[in-house]
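J.: Whole structure, please, built from the sequences with the hints as guidance.
Numbers given in this note's numbering equal positions in the sequence shown, counted from 1, plus 7.
Bear in mind the hints are in silico, worked out from the structure with no lab data behind them. Careful: at least some of the hints might be erroneous.
What the hints assert, rightly or not - Just the calculated beta-carbon pair ranges, DEER-fashion:
hint	residue 1	residue 2	range
1	P262	D207	32 to 40 Å
2	Q200	S167	35 to 43 Å
3	G230	P290	31 to 39 Å
4	D207	S248	23 to 31 Å
Using N, Cα and C, we set each Cβ at its ideal position, and we do this for glycine too.
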Amino acid sequence: MNDDISPRLAAMRDALVADVDATAHPARPRRRRPTRGTVAAVVTAFAVGAGLTGGITAAALPGATADRAREDLLATTTRYGTVEVNHASMLGSPAFTVTHGDASFSLGARPEGADRVTLTWECLDPGTFTVEVGGTTVADAVACTPGSMPRWSLSPLTGSGAAAVSVSGGGGARYAVWASWARSARIAQPSPQQQAAIADGTITLAEYTAAFDRLAACMAQAGHPIGDVAPSWYADGLWSSTGPGAGPWYIWSTPTEAVDVLDTQCAPREFEQVDTIWQGEHPIPEDPPAAG
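T.: What follows is the structure in structure tokens.
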């Protein structure tokens with residue numbers, strides 16, 4: 008990512024980061040990660056509002072060329088989708104290109120620990136594009152027009168050695184690609200208690216409550232206590248902490264600094280699979296109460 012950009016572009020990037028942060032951490036009973044589309048949509052909406060997509064010009068961004076501005080936006084999309092949403096790590100030197108027609112470029116030697124390639128691409132002219140990473144298709148004959156959402160992917164890459172990103176099918180249409188090596192997050196394995204709870208494919212209220220208690224204990228031990236969270240029940244359009252009604256569900260908010268521990272350690276170890284089954288059996292209404 009370029010750091011010697013204009014103050015205006017830097018301010019826009021900072022605002023984009025704040026927007027993605029706000030989108031990435033909703034207060035929901037099961038903290039849902041934003042999808043690839045969500046992250047790309049935030050970036051695209053911001054870019055469209057700022058007049059950066061389609062007919063982007065250097066005049067619109069004093070001190071920065073159109074390609075450098077585009078590189079910065081694609082880099083931001085990729086980094087946030089990879090690091091903030093998936094808790095992976097960026098490795099090595101990223102590659103960026105603006106070109107047309109069939110093309111392939113190498114990411115160079117694989118850094119130690121790299122097991123993914125992350126990239127974002129967007130079309131600058133109308134066309135139909137196929138994008139491959141190491142021979143694996145990540146976008147298959149995608150029809151694209153300027154101003155469409157950038158497409159982001161985080162793709163596993165087995166084996167060793169270098170990897171190439173290839174784009175084909177666009178004819179003379181121009182496109183931009185930003186790509187980097189990445190290392191996937193190290194996700195904790197389910198605890199024996201969680202495995203026992205999900206063994207029969209159903210979850211009782213006692214199992215759901217016990218799993219949340221283990222999650223809360225894990226977060227407290229990691230230095231990010233959840234606090235006292237009462238279960239929430241829903242009936243006749245109203246929420247209560249006593250029931251009766253549909254549910255219950257545990258609804259809480261997670262500060263940004265605790266999200267990595269929640270998503271990679273405590274939730275997968277103690278709560279995630281239990282919660283998935285519970286919410287499948289007890290779908291939560293679309294408008295839950297404010298998280299505590």
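J.: Which of the listed hints are broken here?
T.: Every hint satisfied by this model.
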